[in-house]
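Chain A is already provided as a structure; the job is to place chain B on it using the hints.
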Amino acid sequence: MLEIIAVGDHYQTVDPEQGLENLKAAAAEVCRERFRRIDRFTQLALVGSARCVENTELESGVGLYIGSRFASLGNTTSVHEKMVSAGVVPKPASFINTLSNSAGYFVARNLRLSGRNLFVSRGDASIVAALQLAAMDVATGAVSQALVGSVDEAVLPLAHHRFRLGLEPDTDMGEGSHWLLVAPEGSANSLATITDMITLQDEAALADWLDGLDPTTAYRVSLSPWTRQKMASTCLKSRQMLTDFEPGLAAYPGHATGAIIRYLEGDDDQPLLVIAADTDGRFHVIMVRPAPASA
Amino acid sequence: MTHVNAPVKITASGIVSALGQGKRANLDALLGDATPGPDRLSLSHFEEPVNVPYHSVVGAPEAAEDRLHWLLDQAMEELLAEHPLTPDQRADIPVFIGSSCWGIGIAEERYREQYHENPEAAIPLPLDGFSQISRHLQRKYGFHGADFALNTACTATANAILNAAAAINMGMHDHALVVGLEARNDTTLAGFHGMQLLAEEGMRPFDRRRDGLVLGEGCGAILLSRCQNDASGTMLWGGASNCDTYSISASNPDGSTIAAVMDAAMARSGITPSDIRAIKAHGTATPLNDDGEAAGMRRSFATMPPFFSMKAALGHTLGSCGVLETLLMAAALTEGRLPASWGFSESDPALGVTPMCESMPSEPGYYLLNFFGFGGNNSSLILRHQD
Numbered sequence: 248m249l250e251i252i253a254v255g256d257h258y259q260t261v262d263p264e265q266g267l268e269n270l271k272a273a274a275a276e277v278c279r280e281r282f283r284r285i286d287r288f289t290q291l292a293l294v295g296s297a298r299c300v301e302n303t304e305l306e307s308g309v310g311l312y313i314g315s316r317f318a319s320l321g322n323t324t325s326v327h328e329k330m331v332s333a334g335v336v337p338k339p340a341s342f343i344n345t346l347s348n349s350a351g352y353f354v355a356r357n358l359r360l361s362g363r364n365l366f367v368s369r370g371d372a373s374i375v376a377a378l379q380l381a382a383m384d385v386a387t388g389a390v391s392q393a394l395v396g397s398v399d400e401a402v403l404p405l406a407h408h409r410f411r412l413g414l415e416p417d418t419d420m421g422e423g424s425h426w427l428l429v430a431p432e433g434s435a436n437s438l439a440t441i442t443d444m445i446t447l448q449d450e451a452a453l454a455d456w457l458d459g460l461d462p463t464t465a466y467r468v469s470l471s472p473w474t475r476q477k478m479a480s481t482c483l484k485s486r487q488m489l490t491d492f493e494p495g496l497a498a499y500p501g502h503a504t505g506a507i508i509r510y511l512e513g514d515d516d517q518p519l520l521v522i523a524a525d526t527d528g529r530f531h532v533i534m535v536r537p538a539p540a541s542a
Numbered sequence: 021m022t023h024v025n026a027p028v029k030i031t032a033s034g035i036v037s038a039l040g041q042g043k044r045a046n047l048d049a050l051l052g053d054a055t056p057g058p059d060r061l062s063l064s065h066f067e068e069p070v071n072v073p074y075h076s077v078v079g080a081p082e083a084a085e086d087r088l089h090w091l092l093d094q095a096m097e098e099l100l101a102e103h104p105l106t107p108d109q110r111a112d113i114p115v116f117i118g119s120s121c122w123g124i125g126i127a128e129e130r131y132r133e134q135y136h137e138n139p140e141a142a143i144p145l146p147l148d149g150f151s152q153i154s155r156h157l158q159r160k161y162g163f164h165g166a167d168f169a170l171n172t173a174c175t176a177t178a179n180a181i182l183n184a185a186a187a188i189n190m191g192m193h194d195h196a197l198v199v200g201l202e203a204r205n206d207t208t209l210a211g212f213h214g215m216q217l218l219a220e221e222g223m224r225p226f227d228r229r230r231d232g233l234v235l236g237e238g239c240g241a242i243l244l245s246r247c248q249n250d251a252s253g254t255m256l257w258g259g260a261s262n263c264d265t266y267s268i269s270a271s272n273p274d275g276s277t278i279a280a281v282m283d284a285a286m287a288r289s290g291i292t293p294s295d296i297r298a299i300k301a302h303g304t305a306t307p308l309n310d311d312g313e314a315a316g317m318r319r320s321f322a323t324m325p326p327f328f329s330m331k332a333a334l335g336h337t338l339g340s341c342g343v344l345e346t347l348l349m350a351a352a353l354t355e356g357r358l359p360a361s362w363g364f365s366e367s368d369p370a371l372g373v374t375p376m377c378e379s380m381p382s383e384p385g386y387y388l389l390n391f392f393g394f395g396g397n398n399s400s401l402i403l404r405h406q407d
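Heads up: the sequence lines are chains A and B, in that order. Residue numbering for the first sequence follows my numbering, beginning at 248 and increasing consecutively. Residue numbering for the second sequence follows my numbering, beginning at 21 and increasing consecutively.
One should not assume that every hint holds.
Stated by the list, open to error - To be clear about the criterion: a stretch of chain B counts as covered by chain A if any three or more of its residues have a C-beta under 8 Å from a C-beta of chain A, and this derived list gives those stretches: (1) 130-137; (2) 166-176; (3) 344-354.
Source of the hints: derived by calculation from the structure; they are not laboratory data. Computed from a predicted model, the values in this text were never measured in an experiment. The beta carbon of each residue, even a glycine, is placed where N, CA and C say it ideally should be.
Chain A with its partners taken away, still in its complex shape (with noise of 0.2 Å):
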């Protein structure tokens, strides 16, 4: 289990007409330094990730842990376009901004974390592996806290975006850089705790987990984009007890995590389920249970 104790994002619907919106003001108003070169996605970790901990005062040996399904998404696709239409050789920046623990490297510099700093990916679950991994090693004390972001940007035109995520072909589409700061159970001044982070082999597995929660107790459901589109998932319909989280948020790979910040941000006193099915007929599942002093 972890509590989180802090949480800060950035978050844009994409407006078709409008375009992205440029991020350029937003990480210097946040960055020690100007850091120059950096690609898009970095600047949304930079922002996403300052935001969370603008009010907390970290500890010395905090982790960090970056989830996200296509990491640097604008600067590797203007990479290959530019290698498979003019066979151009990669420039040395646009080659480092393609790995994808680069965003990681510029936030550890800009808060000043040395301790470990990891870059996962799980498709639209992306959090959930992230938050495994902190959980691992919050508990086998290579970390005190972990500072936890799911980051993931939107690439024009929308319609390849959308059809890279699997997406119906008018899917409102977003994207964000959502962050939470975790510490381990019993932490002082948590705002919820995070007691489930699984992965259930099919809907068989799925339904028997769902069995096996207190039937008195409601419990919101936020499902990611792709879950609701793709899947039937009669076993969550089928549940009285289950009802539905509408964050709000168009489509994109970290909708989960904006969903469990917008959830933090309301008065629920329900637990939450976020659920993200994959192409695999897999369900990785988050619960967070609002703390007891806020419910």
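This is chain B only, laid out in the frame that chain A set:
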């Protein structure tokens, strides 16, 4: 000092690399009198000539997806022949994967095909590259547990090993699978070429004439298992990782953060520098990286233990080198011999350290393995071998 976490045993492993298919072929080459040098690849899709040395795997299919699956199958079949897992075990155990390429070669190939057919409709990166390895492990071998696609550049599988051990230490699993895979692709080769980090011919780690690295491909798989402290065989005894924010592409050349990660790995393992029998260095043969690693070793060790790099023989397999080099180290310890530091012939007085020129017998005890990567990521692992 206190040993922080329980050790985990390297129960089974499998490998395919430029040195051959299987541990036996790899060990024979690594511990023998000579290793094959790199091939040369000419990348035909670029406007400027790109001709680079490369440690290719012999016999691998040309098509990117087939190549990725084939590499994975070679390593997994050796591992599963050594330690068959039941369907229930496979469905449950966590899978930690490290790579630098993931599905990038497949994405390049598909985009290029689409582009030649219809440039207007072609979609760059048309697939989720990070899921390609896990998907094959699920569909072909039934590994449906939690998967972790870690990408921290050249430390990806060293970090994967640390988290796999943590998963076992948490008490939720008796086993964890760690997989590292690097397959030939244009993005990586052209990217390193553009950064001018590639050697003219072969790698010379810690040599005065070192002039860069040679990339390589391969796949390694390790099954880690819960064990007792006094178990025989090779165990992961501990380790640590940190982030050096000195530069995105090189560790601090004064060696301070490299020394810090080695010191932390030894401290978490409950041992001191004098307990280390030998070091498998990261040893990329780039001037700056070898400077930093040599300086780090000098800081941490009053008396330098013997050390060597495997990369002149294997090539730099980037995110997969943590698994490939760790499983070969464990196999070499079982064999009772440490390999020579291939590619080395002339000491560099500026480094102040000299790697092993010859293969030498190994003894039971503790061994330190270093892995460093872009993004300031540093990891050190401690193995203990017991007859």
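How the hints compare with the structure:
Closer than 8 Å: that is the beta-carbon criterion, and the segment 130-137 of chain B has 3 residues meeting it against chain A, so the requirement of 3 holds. Under the rule that three or more residues need a Cβ within less than 8 Å of chain A, the assignment of the segment 166-176 of chain B holds, with 8 such residues. With 0 residues having a beta carbon nearer than 8 Å to a beta carbon of chain A, the segment 344-354 of chain B misses the requirement of three or more and the stated coverage is violated.
Violation of the numbered hints given earlier is confined to hint 3; every other hint is satisfied by the structure.
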